[in-house]
Every structure is written in C-alpha cells, then in structure tokens.
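Could you put together the complete structure from these sequences and hints?
Chain by chain, the residues:
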Amino acid sequence: MPAVMRPARPYHMGLGVVLTLLGVLVGGCPHPPTHDPGKAELLRQIREAYLFDVDVASLELLSVPEIVARLDPDTRLVEVRRRMSPDFIRGFEPEGSVTAMRALGGGRGYLRLAFFGRRTLEDLRKALSDFFPPLCALTIDLRDNSGGSFAQALRLAELFLPLGAPLTLYEDRQSRALLYSTGTAAPRQERLTLLINARTASSAELFAGVLRWHHRAELVGAPTTGKRTVQQVVRLDQAYLLFLTTGRFLAPDGSSFGVPGLTPDRAYEGDDAASLMAPCADTRPPVP
Amino acid sequence: MLRRVLTLSILLALVSVTFGSARLSADTKSVADYDLKTLAIVVNRDSSDITVIDPVTDTIIKRIPLGEYTNAHMAMLNHDGKKLIISATGRDRFLIVDLVTGQVDHTIVTGKAPEHFDATPDGRRAFVGNMEDSTVSVIDVHDGRELQRVTGFYSPHGFSVLPDGSKVYVSSLGAHEVAVLDATSGRMLKRLAVGDVSRVAARDPQRYLSEIKGIVNPTLTKDGAFAYAADSDAGVVAIIDTKADKIVKTLKVGEQPWRAYNSPDGRWMLIPNNGDSTVSVIDTTSQKIVAQLNAGTEMTGINYALGGSKAYVISRGDSMVYVYDMKTFGLVTRLKIGTNLALETAATTADGTKIYLASSTNDSVYVIDARTDQVKQIADVGRYPWGVSILAAASPNYCH
Numbered sequence: 001m002p003a004v005m006r007p008a009r010p011y012h013m014g015l016g017v018v019l020t021l022l023g024v025l026v027g028g029c030p031h032p033p034t035h036d037p038g039k040a041e042l043l044r045q046i047r048e049a050y051l052f053d054v055d056v057a058s059l060e061l062l063s064v065p066e067i068v069a070r071l072d073p074d075t076r077l078v079e080v081r082r083r084m085s086p087d088f089i090r091g092f093e094p095e096g097s098v099t100a101m102r103a104l105g106g107g108r109g110y111l112r113l114a115f116f117g118r119r120t121l122e123d124l125r126k127a128l129s130d131f132f133p134p135l136c137a138l139t140i141d142l143r144d145n146s147g148g149s150f151a152q153a154l155r156l157a158e159l160f161l162p163l164g165a166p167l168t169l170y171e172d173r174q175s176r177a178l179l180y181s182t183g184t185a186a187p188r189q190e191r192l193t194l195l196i197n198a199r200t201a202s203s204a205e206l207f208a209g210v211l212r213w214h215h216r217a218e219l220v221g222a223p224t225t226g227k228r229t230v231q232q233v234v235r236l237d238q239a240y241l242l243f244l245t246t247g248r249f250l251a252p253d254g255s256s257f258g259v260p261g262l263t264p265d266r267a268y269e270g271d272d273a274a275s276l277m278a279p280c281a282d283t284r285p286p287v288p
Numbered sequence: 001m002l003r004r005v006l007t008l009s010i011l012l013a014l015v016s017v018t019f020g021s022a023r024l025s026a027d028t029k030s031v032a033d034y035d036l037k038t039l040a041i042v043v044n045r046d047s048s049d050i051t052v053i054d055p056v057t058d059t060i061i062k063r064i065p066l067g068e069y070t071n072a073h074m075a076m077l078n079h080d081g082k083k084l085i086i087s088a089t090g091r092d093r094f095l096i097v098d099l100v101t102g103q104v105d106h107t108i109v110t111g112k113a114p115e116h117f118d119a120t121p122d123g124r125r126a127f128v129g130n131m132e133d134s135t136v137s138v139i140d141v142h143d144g145r146e147l148q149r150v151t152g153f154y155s156p157h158g159f160s161v162l163p164d165g166s167k168v169y170v171s172s173l174g175a176h177e178v179a180v181l182d183a184t185s186g187r188m189l190k191r192l193a194v195g196d197v198s199r200v201a202a203r204d205p206q207r208y209l210s211e212i213k214g215i216v217n218p219t220l221t222k223d224g225a226f227a228y229a230a231d232s233d234a235g236v237v238a239i240i241d242t243k244a245d246k247i248v249k250t251l252k253v254g255e256q257p258w259r260a261y262n263s264p265d266g267r268w269m270l271i272p273n274n275g276d277s278t279v280s281v282i283d284t285t286s287q288k289i290v291a292q293l294n295a296g297t298e299m300t301g302i303n304y305a306l307g308g309s310k311a312y313v314i315s316r317g318d319s320m321v322y323v324y325d326m327k328t329f330g331l332v333t334r335l336k337i338g339t340n341l342a343l344e345t346a347a348t349t350a351d352g353t354k355i356y357l358a359s360s361t362n363d364s365v366y367v368i369d370a371r372t373d374q375v376k377q378i379a380d381v382g383r384y385p386w387g388v389s390i391l392a393a394a395s396p397n398y399c400h
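From first to last, the protein sequence lines are chains A and B. Sequential numbering of the first sequence, starting at 1, is according to the numbering used here. Sequential numbering of the second sequence, starting at 1, is according to the numbering used here.
In short, the hints are calculated from the structure, not lab data. These numbers were taken from a predicted model, which means no experiment stands behind them. Every residue gets a Cβ at the ideal spot worked out from N, C-alpha and C, and that includes glycine. This list has only true hints and no planted wrong ones.
Computed, partial: chain A to chain B, Cβ under 10 Å:
1. D74
2. V78
3. G148
4. A153
5. K227
6. T229
7. V230
8. G247
9. F249
Below 27 Å or equal to it, Euclidean Cα-Cα: the simulated DSSO-like pairs (lysine-lysine) are:
10. K327/B / K252/B
11. K167/B / K112/B
12. K39/A / K190/B
13. K112/B / K39/A
Just a sample of chain B residues kept apart from chain A, beta carbon distances all over 10 Å, derived:
14. K37
15. D182
16. L306
17. K336
18. G338
19. T372
Structural data, given as structure tokens:
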C-alpha cells in the first residue's frame, strides 16, 4: 500500500472549477470544493490505510488539523524540521541512539538505548563490538525510550534470536501477518536484562516484548506505557508529515504483549545496573 | 659597509628577477592554452571561489572568485567547456562564468538555497534545485535568465537530463518520489512514488523522526533508457523506464542506500548503503543484484578508473578510499587518506588514470594514481573544497 503524493494535476483544478460553477448555478454551495492537496492526500490515506473504521464523508468539510483531531490519539501531524544541517539531510550525521555504555566487570556490560532510529542496529552492533573482552551478560536500558522505527526494533530482536523465530503478529486494515526472524547470523549469546519504566513505549515495548516472549530476556523495572499501534509516515505538504495509525503489533500467538503495558519480571527503581545481574563467573550464558 | 649592502641588494634583486621570471613564465600560460575539457574544477564552499587544476602537472593554474558568501555548492563546465555553471547557495543565485577570463557573465536569482543541477546536452538549459523552498529554477544558460520556477517538490536534490535533452528527472530528498519534467516547457509530466512508506511506533515521533530521507539522485543508465532511484528510508532501488516513465522493478538493497553510480561502460550500478556500510552491485543488463560488498562508513561517492576496471568508494567516516576490482568484485586495497578528514566527492581524469578527491576540512585535493594507487596531496586549494568535476571525465561526474 504505497503512499503516493498525488499531484494537483491541472485537470483536477479544471474539474473543481466546473463543479464550483455548477454548485453556484444549482443554488449555491456553502462549502466549495477544496483544492488543498494536503487534505486530499490525508483523506485518501484514511480511506486506504487507516486502521480503524471511520466515516470519511463526515470529515470532508473539516480542515486538516480538525480531521486529525477526530482520529485516534496516536495519529498526528508533525512539523517538518527546518534548517537541517546538510550532513543530517544526507544521512551522515550520527543519530546517537546509544547514549551510554560501560563495562560493569565480571563480563557484564550496560548500554542505554534512547530511541529506535534509522541506524540503531548498527549503533548497537558497534557498541557491542567495542566491549573487550566480549560480554556474557548485557543490560540494555530502555527506560524513557519512547520507541521509533518499527523495523529497527524487529532487527534488534533478531540479533538475539535464531533464524525463523516468530517475532510479532502484525495486523493492518486488511490483513494479519506473522513476521519471522530473518537474521542469518548466529544469535548473540549474552544473558539479557532489559530495564523498563512507565515511559518505555511503542517500539521499545515491541523489542522487550518479543525477547521476553522467547524467554530470552528478563524485564526489570516498572510497567511500561502500553502503546502498540504503528504509524506510517506520509509527507502531507511542505510543512507537515502525517503519522497515521495503520497497524498494531501483537505477540506471535495473537495475545497482547501485556495489558496495558509490559509488567516487569522484577520491580526495580534505581541506577545500580551492576546489581541487576550476577557476574558471569557465577552463571553460564543461556542457551536461546 | 655601504658598498657591501649595495652589492647584496643588487644580488638579491637579480635573484628575485630570475625567480620572478620563472613564475611569470608559468603565469603567462593562459587557461585558454589548456584543453578545457580535461581541467579539474574544484568548488570551494567557504572561500567562495573556484580552483582550476592542470591534471598533467597537478598544479593550480587559476583561482576564480565568485563573490563574498556565495558559498558555491556545485560547479561544472557547460557542454563546450567554455562556461562554468555554478549554484551559489549562499546568495540564492546561479552563476555563469567565463572559464578563460574568470569573469562572471550572468548572475541569476533563483529560489532559496540552490544546490544541485543538470544541463541539457546542448548546454542551453539548466535545471537547479532550490532546497529550502522546494522549487526548481529553469535557467536559460545562453541568455542568463530564469525562465520559470517550478513548484511541487520536497527538497529537490538530484537531477538527470536524458541524453536527447527531452526530459529531466528530479528526485526529492524530502519525499519518496521522482518527478519527470518536460525539458522544453518545464511542465511536470509525472510523479513516481518509490518504495513503501516507513513505519514508526513511537509515542513522540516529533523528537527524532520529523523528517523523511528520500531519494538523493535519479541516475541514468548510459543510454538513458532507465533511471535508478535509491530511496534511503525504504532501502530499495527503483528502476524507472524513461520511455514509459514507470517503475519496472524495485530491488531491495542495503540499509539507507545513498545513490547509484553508473560505470563508464554502462554495465554496473554501484549503490553505497550507509546504513550497513555495504555497496550493492547491480547488473544493468539483468537488473539484478549480483554482489554486496563490505565497505566503509559515510560513503560520499564512487569513481571508476582505468576504463571501469576499478571502482573507488569514498568513505568519509573512515577517511579512506576502498578500491575494488570490477571483474572479481574483490577488495584490491584500502587507501588511508588521512585521519579525521572529511572526504567529499571526486572526479576521474579524461584518460581514466587519476582521481581528484576533495577533502574539505584540510582545504586539500588528493590525487589518486589508479595505476599504482599512490596518493599525493595538493594543499591550499581553497577553503572547504566540496567537489571536483572534469567535463571529459572518464567516470560520470556527481555531487553530494
């Protein structure tokens, strides 16, 4: 279901003019047809891809912000960034999704993922390769991680799961699809602890939920937000991007990863990551 | 004592005349005496000037000032090699400069932040993308005026005019689409959506994801029959049939593909994927991916040399150039250019034996001898050299 920027083609304008004239001749039209290509694109996207049922006809006379306000709370307009650096535009500027990392001794390591960006998989791989000697136990701090790229969350989960492992049941307007791990490299063996809190959301919940579903990670901290919808990003016009809810993710068996969010296996409040896992000399890395 | 001083002064004067004469002799060789199509044109962003390098001697033969704060982004010689056409990003202008005299013939007002452009084969028209107001200026190069400003793009970044000059393909970096313009009328003929939309699961998308990384450049095959458009967010390359103006194939490549670079013989398209530091190799005959090469980080360009038998992949992140054998796709060597350099783009000489590589942060151009893979530095070419072009280059010119 590709998102296409529909052009404001000349014959559309011509038709619009004709319709307007007809409307006036027939007896006046209180709401002349719109020529706002952004609104036309929004309505088209709602018709074709929006996850929930909605009466599109009832939206046609509203403005773009009014329409978006009538939809689910996760659908929103986001202002396009202005004055981006040339390097950022061209994708050279680091994203910096790994914001902290340190060795904790005893083969243990800690790193913090602030969000799931376009390069988080590469950022994480690089961070892990910087640990020497290699780790046998890893804490990934997902506290305050509000999510990000849906694909990157799945790719990260693949790092720790074998080829063919089911990841999530993805549901959109028309279908359900079970997504599997396609990672061809041998899964990483570190014992995993994931730190979560009330502001851990969306892609971060997906990543944590998948790994726990496979008994591959222990969740420590506080219950998470519980946002399981997925938005597609569409360029609406020069000023705004539309984040439209078009899907949701579930556990591979169709259940929810948690209601409302993920509950930790172990409650924890604090910042002593070293206390969360035993040194490796005392335990053996788990077999996935 | 006075006599000694006088004698010394006379001696110094003689010496100075001798060296001065030698320099004068070099200076008296006019740019017109060179084969203009073979000269290396370096655009210096921060010193707002152009440096011209003789590829035979690797010496600077001319500096052309473009005006304060013009901050030129891209420069290339027009079809006959006589006029330089330049996007002056800092001043929102397009410049036409006589290469021999160094005089600015025309200064043309454009939209905001003009960067990349392409010209028709007859050199009559140029199409320049204004990144900040998302318009395209159609320039009459001969008369030195803007004919029209076309709207409806999203950060128009890459331009390719068909070899017959009939149409121009414009890629938007701020959207997942390629637009097709009639090169004569400037009319928008078609818009082609590339790739699937990206999906996000985020509670606050405005924090990190309020931008789209679309298509850097539509790269034409040698015969112009197809355009290859790599979409960064989608991780795909769309192959566009330029006769029907429709996408005939979409190939999944690596993460965050940059753009396609076509080989001089037209057989290969190489696509650096900055998201996973690989290079995808596409056979243009079968339109299939035939290899995925491990490469460096932050790749900014690819140049072919020695008749296309070697490919040089520029890695800004590693301050290194990765050299591949295009018969075996094996890594020949890695050329460590320096440490913490910002390597930008490069041009291959007309005979295909050398590559001129701009290195912005140390104001240098590096010359790579493709026969030996030896590297030498030309220092002080200007401040922040951003790109190099050679009209008769043996590998297609490009910018970034």
